[in-house]
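Asker: Chain by chain, the residues run as shown.
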Amino acid sequence: MQYKDPRLLVQPSPLLKQQMTTHQTMRDLLFALLPVTFAGIWLFGFSALLVILASILGAVATEWLFSPAEQRAARLVDGSGVLTGLLLGLTLPPALPLWMAFLGGVVSVGIGKLIWGGLGQNLFNPALVGRAFLLATFPNAMTTWSTQASGEGFFQWYPSNFALPFMQPHYDAVSTATPLGLMKFEQQSTALPDLVLGNTAGCIGETSGLLLLAGGVFLVLRRDIDWRIPAGVLLSAAIFSGVLYAIDTSHYPDPLFTLFSGGLLLAAFYMATDPVTSPLTPRGAWIFAVGIGLLVVLIRIFGGFPEGVMYAILLMNAATPLIDRYTQPRVFGKE
Amino acid sequence: MLALSTLFKHSFSHGIHPDEYKDQTAALPTQRMPFVERYILPLHQHLGAPSKPLVEAGQQVRRGQVIAGPGAFVSTSLHSPVSGRVKAIGQRRFPGGRYEQAIEIEADLYATQRLEVDRPPDWRGLSLDDFVSVMQGTGIVGLGGASLPVHVKYSLRKGVKIKHLIANGAECEPYLTNDHRVMVERPAALLKGIEILHTLLGAEKSIIGIELNKPDAIASLGERIPSGQPFRVAPLRVKYPQGDSKMMIKSLLNIEIPKGLHAADLGIIMNNVSTIVAIADYFDTGMPYIDRMVTVSGPGIEYPANLIVPLGTPVREVLRFCGGLKAETKEVLMGGPMMGTPIASLDAPIIKSSSGILAFTAQQTARPKEVPCIRCGRCVEACPYFLNPSKLARLAKARQFDKIKQANVAECVECGSCTYSCPSGIPIVQLIRGAKSEMRGKRGKA
Numbered sequence: 001m002q003y004k005d006p007r008l009l010v011q012p013s014p015l016l017k018q019q020m021t022t023h024q025t026m027r028d029l030l031f032a033l034l035p036v037t038f039a040g041i042w043l044f045g046f047s048a049l050l051v052i053l054a055s056i057l058g059a060v061a062t063e064w065l066f067s068p069a070e071q072r073a074a075r076l077v078d079g080s081g082v083l084t085g086l087l088l089g090l091t092l093p094p095a096l097p098l099w100m101a102f103l104g105g106v107v108s109v110g111i112g113k114l115i116w117g118g119l120g121q122n123l124f125n126p127a128l129v130g131r132a133f134l135l136a137t138f139p140n141a142m143t144t145w146s147t148q149a150s151g152e153g154f155f156q157w158y159p160s161n162f163a164l165p166f167m168q169p170h171y172d173a174v175s176t177a178t179p180l181g182l183m184k185f186e187q188q189s190t191a192l193p194d195l196v197l198g199n200t201a202g203c204i205g206e207t208s209g210l211l212l213l214a215g216g217v218f219l220v221l222r223r224d225i226d227w228r229i230p231a232g233v234l235l236s237a238a239i240f241s242g243v244l245y246a247i248d249t250s251h252y253p254d255p256l257f258t259l260f261s262g263g264l265l266l267a268a269f270y271m272a273t274d275p276v277t278s279p280l281t282p283r284g285a286w287i288f289a290v291g292i293g294l295l296v297v298l299i300r301i302f303g304g305f306p307e308g309v310m311y312a313i314l315l316m317n318a319a320t321p322l323i324d325r326y327t328q329p330r331v332f333g334k335e
Numbered sequence: 001m002l003a004l005s006t007l008f009k010h011s012f013s014h015g016i017h018p019d020e021y022k023d024q025t026a027a028l029p030t031q032r033m034p035f036v037e038r039y040i041l042p043l044h045q046h047l048g049a050p051s052k053p054l055v056e057a058g059q060q061v062r063r064g065q066v067i068a069g070p071g072a073f074v075s076t077s078l079h080s081p082v083s084g085r086v087k088a089i090g091q092r093r094f095p096g097g098r099y100e101q102a103i104e105i106e107a108d109l110y111a112t113q114r115l116e117v118d119r120p121p122d123w124r125g126l127s128l129d130d131f132v133s134v135m136q137g138t139g140i141v142g143l144g145g146a147s148l149p150v151h152v153k154y155s156l157r158k159g160v161k162i163k164h165l166i167a168n169g170a171e172c173e174p175y176l177t178n179d180h181r182v183m184v185e186r187p188a189a190l191l192k193g194i195e196i197l198h199t200l201l202g203a204e205k206s207i208i209g210i211e212l213n214k215p216d217a218i219a220s221l222g223e224r225i226p227s228g229q230p231f232r233v234a235p236l237r238v239k240y241p242q243g244d245s246k247m248m249i250k251s252l253l254n255i256e257i258p259k260g261l262h263a264a265d266l267g268i269i270m271n272n273v274s275t276i277v278a279i280a281d282y283f284d285t286g287m288p289y290i291d292r293m294v295t296v297s298g299p300g301i302e303y304p305a306n307l308i309v310p311l312g313t314p315v316r317e318v319l320r321f322c323g324g325l326k327a328e329t330k331e332v333l334m335g336g337p338m339m340g341t342p343i344a345s346l347d348a349p350i351i352k353s354s355s356g357i358l359a360f361t362a363q364q365t366a367r368p369k370e371v372p373c374i375r376c377g378r379c380v381e382a383c384p385y386f387l388n389p390s391k392l393a394r395l396a397k398a399r400q401f402d403k404i405k406q407a408n409v410a411e412c413v414e415c416g417s418c419t420y421s422c423p424s425g426i427p428i429v430q431l432i433r434g435a436k437s438e439m440r441g442k443r444g445k446a
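In the order they appear, the protein sequences are chains X and L.
For the record, in the first sequence the residue sitting at position 323 is 323 according to my numbering, with numbers rising by one throughout.
For the record, in the second sequence the residue sitting at position 428 is 428 according to my numbering, with numbers rising by one throughout.
Any given hint might turn out to be false.
Have a look at the derived ranges for each label pair, beta carbon to beta carbon [said to hold, decoys possible]: (1) L:D23 / X:Y326: 42 to 48 Å; (2) L:D23 / X:V10: 25 to 31 Å; (3) L:G90 / X:L123: 57 to 63 Å; (4) X:L322 / L:P226: 18 to 24 Å; (5) L:R440 / X:L123: 32 to 38 Å; (6) X:I239 / L:P226: 14 to 20 Å; (7) L:R232 / X:A231: 46 to 52 Å; (8) L:R232 / X:R223: 33 to 39 Å.
Treat the hints as calculated values from the structure; they're not laboratory data.
Positions of the beta carbon are idealized from the N, C-alpha and C atoms, including for glycine.
So that you can see chain L by itself, here it is in the shape it has in the complex (with noise of 0.2 Å):
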């Protein structure tokens, strides 16, 4: 019945059906990665300035301790995951391939990890601007990809309004199953991290997304939404990208946010059910941002998991904690296989953004000899913001970049669904995220 409903409901327009390969581990419950010897944090794991260390090499710090203060507004803070000793500040591995600046720190093997942190604020007596100001020092940022420091979304211009909170909880890329258990799991702790939100921003509605391969979920929030509240859940169907947030917004409220404007100002403030999930658990514990939920998938995975992982800790113990990597494994992914950066070390540490360590086997890495592009206009009909991909990959490969641009290059979201769709195997995101990095006359991140 529920299914039925919703077929008739509202989407976004375009998007792709792929294959969901969430199967391996949806079903399993979440397993607390233990702790290692090692932990790289890098400084610069959001959107905005880079971190400033608070700590300098050979000191001690305790798990939930600030290491790093925000860099500037757009920034945040980041804390230790961990016991231990600073053991340098320098240049390490980031997961896209490049040298960072990051801390490290050595692990005290002796230590309980017991977290001791100050006790949180009372979130009834805040305002917005002071809940923005204790925001800054979680070290919380939005974790359905983009990591913008979740203070930035709710310092609100004068005047706004906002009317609709949205909690995303899509996850409408393959394979990733950990919002998907943060749903089922801490139902409770998402509905308190709502009713926070709803609260300070004095919002009318509060809808919770979630697509329909995710029963348990709609089922497991539907029925704990405490009578009284304007709260909802809203199943989807089932489609990618539907969590990109101005798809989402789509189709929850049919409204198309105009090119140019964000969200908020129509009155909307969208986030990942995890990002929630965190915000609650500050205002329960005092916890900063030092764990992070990750699905570890993949043909080339030996025991796949859902994982609560330390920030900072290398992939490689990961991949070690779930069996290693088979050995026909040819590429790791940090995020999902669609839009998600292939790990060029496994040294590299997990950040703040990574959702998802996947490992591939040659059948999804070879890629189809491309041939020339017939026009079938199939990427047209994938690209959930209505450009024209064959023409953008065109221009990208001829670097007309002037022409690029007036073909609204700016408003590709790079969700992959042209090269996704695309039967002549034309390698269209990648052309397209290869250009955009040129313009920007930097090298990109992958």
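Isolated chain X (complex conformation) (with noise of 0.2 Å):
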């Protein structure tokens, strides 16, 4: 028999190799990010739709823009320029101008990625830079919040959707107080099942809170995010303001108040969880998380703002590094 070698890789080990990719896990995240996304369509009517694609374009056209030719399709389809614009719509008000969502869209790829050399490099949430300019820029605007559009209003839009760029938008739809707002200047709670349910004003994407829960088990189970991450902030920021409800019941809100109002679980399960923001080791990740969760409590109820989780995260975003230098792993047999 003639026996004929065949021409052979000489490729060093190990070639096994686990099934997830980056790539799969930016899917996953738009894949369980897609029900609440939905759901805010649908609670605030079609200008919610608006102003989600105007921020996904603002993300993507930065992307494009500023990558070499020959990368252009690669990055455009591997997810993370449509995730940073999709969670950044889900942060805005839906009656922000829409020339303002796609500008915050280019500042959270542009000065929140890209300037900092790209995937995997960024210090801070890009998604969470944009909003922050946003804010800083714009505080009128983002933090006028309209009343829920669902049922009839559903195909109409709020005007102010489309005030012309650097023009001021007029605002003639009824707004409203976020619940976290009414608690912070009215001292009015909210019910729980509005809460869980999303039946509150708010932004895009943070008022349906089961189906934020239901996205972020999914994403555990998947082991696309760091369960310690979401335990760890939901965890401590219950227990904080339990302990501030159990000394004055009547004047902090309760721990299950704190859990479902604002973004608490949207950036719990989706902000927080951003691998290159986050520390390195899970210890670093506990007392990462843990961190978040004392500013929110902290920034909530004795700050200026109603809300803090976007400082929040932002602040432990700009602690991670120190956290990461002083959680190395121990090196086996090294006491």
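With the hints as a guide, dock the two chains, each given alone in a separate frame, to form the complex.
Answerer: Shown next as structure tokens:
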């Protein structure tokens, strides 16, 4: 029998590999956010869809513009631009002028990610960088909360969406306050079922607590995100606000209100868990998560803003290199 | 019940759970590979100094005859696996691809290939020092992968008292089943070997560590342990890299060997089960280390098998015995899929550390496209030595060798758990290996 050798690769081991890839993780995140996105569109009407699309467009266009020509196609499909745009869109008020949402997307990807050196290099969560920019630049538009449009209002949109660039938007829709605003400025609580189901004013993607929780659990089960971070954020926020609630029940919100109001669930599962901007080791993740929970409660209750999730995460992002430095794994056999 | 109680037992931290792929060969009884025409015996197939040839080209040799002696204390002997004639001593292919000094033997096709060796000494009359010098003459090396000549491990420093003897039957590399088959088919020899070592060392306890995916081995050994002997079988949770000696010790005894110390310093000696069987065989028949168990498996192999192969058999002949490589084969590894060496030429021979010949197709060899590290920390959670592989890889890429030293690169055993777990497709362990071999100032094996 004549035996001919095949052409053999000489590729070093290991040849086995687990299946999960970074791109698949991003697709899972997008998938987990779909129900929340649809709920936001249902609750706040067609406007919400337009705001989300504008912010995704801004993010993806920036990614495309600043990518080397030969990498453009790959960057567009890797999903990180779309994900950043979607996360930003979900944290915007539904009546925001579209040009602002677009600008937010540009800043998220441009200042939040690309300027640092692209995927994996940024210090701060890109979507929250965009949101912080918008809040600082357009404080009025970013804190005008429209009443929900669900039902007959679905196909109506807020005229303020179409304000011309650099013009002040004109609000004629009925505006209202978010549960956190009511709590802060009027000491008025919101019923838990409304918070869980999303029948409140707020950002497009932050109101339906149940769907946020479901998507988050999906991600934890798929091991796309580190379970320690949402667990740490939610537990510590509940405990810190529980302590205050125990001290004075009439003055401070109860822990369940803390968990289900504002952007805490959205942030705990989808933003704080961004691996790039959170610590590397499990021990670091716990410190990071507890820090966020503590800061959220402090800002909400003692700060000037009704909501503190965004600043809490950005502050802990800034602390991440420091946390990493002090939580490097201990080498085996070394005390 | 067995499985349940083990779940709550201690194991080493971190590690990974790759698919095992052992079903192809786990139940196949061992076969003996027939003799072939040509044997290549590299002089340096163990840790330490190369062996020195004791034969010349043209000389007749018998199966079992010593053909090379130890070149130093950390070195061992080499024996002819076949009766025949020394054809040449010269540069021959080594599995990793480079050429190395080797003895080539042409088999006598009409010889009976009967083993004709001197009677071994009675182990009961030996002191530990005698045992060490006897072992250096047998050519037996540690078969778990490192190929440390076995006598080196037993030449203990003064004052060291061994409490625990551990037989390592973890066989945590996927695909490989040769240790498994040894434990199933030759439990008596393994227990005999443990008795010899246990007695010589004056050990207090002997433990056979076996992963739970080998229930038949656990059962057959457990039944045969002689009553009154302080031996026991310890079932272990299946986890890679359990076969690493420090991980095995952590799992079995919950002892973390301090950095810089050896197991013997803490009164522990560990050998692979196949090594112990080879020692028992020597004291039984006087057979030096000339045949080894090889698992031939993987998706590119027509007829997977567990084989007893004479050392020096060219890989090509082993593959031919197993029906040849399938046309879609892309790569052949010697050893396991996690730590094995890619074979550059099928002329390379089976050496003392060749636990497996595995053939892979495009499905395993395809590398995912490398994307940037997103700091997900999966490599950190996989590394059994608690290193930060992502950092090591970054420093290796940047060739910052002083910093990589500070990051404890020396502790890395190159188990590959980091590369396995990286979702960004970064070849972490390969980068680390490259940096290490560059720091050693010479080209590495693979």
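Asker: Against each hint, give a clear statement of whether it holds in the structure.
Answerer: Outcome of the hint check:
Remark: the range hint 42 to 48 Å for D23 of chain L to Y326 of chain X is upheld by a beta-carbon distance near 46 Å. The hinted window of 25 to 31 Å between D23 of chain L and V10 of chain X holds, with their beta carbons roughly 28 Å apart. At about 59 Å, the beta-carbon gap between G90 of chain L and L123 of chain X stays in the expected band of 57 to 63 Å. Hint check: L322 of chain X to P226 of chain L, Cβ distance near 59 Å, so the stated range 18 to 24 Å is violated.
Between R440 of chain L and L123 of chain X the Cβ separation comes to about 36 Å, which falls inside the hinted range of 32 to 38 Å. For the pair I239 of chain X and P226 of chain L, the supplied restraint of 14 to 20 Å is violated, since their beta-carbon distance comes to about 58 Å. Separated by about 40 Å at the C-beta atoms, R232 of chain L and A231 of chain X break the suggested range of 46 to 52 Å. For R232 of chain L and R223 of chain X, the hinted distance range of 33 to 39 Å is satisfied, since their beta carbons lie about 36 Å from each other.
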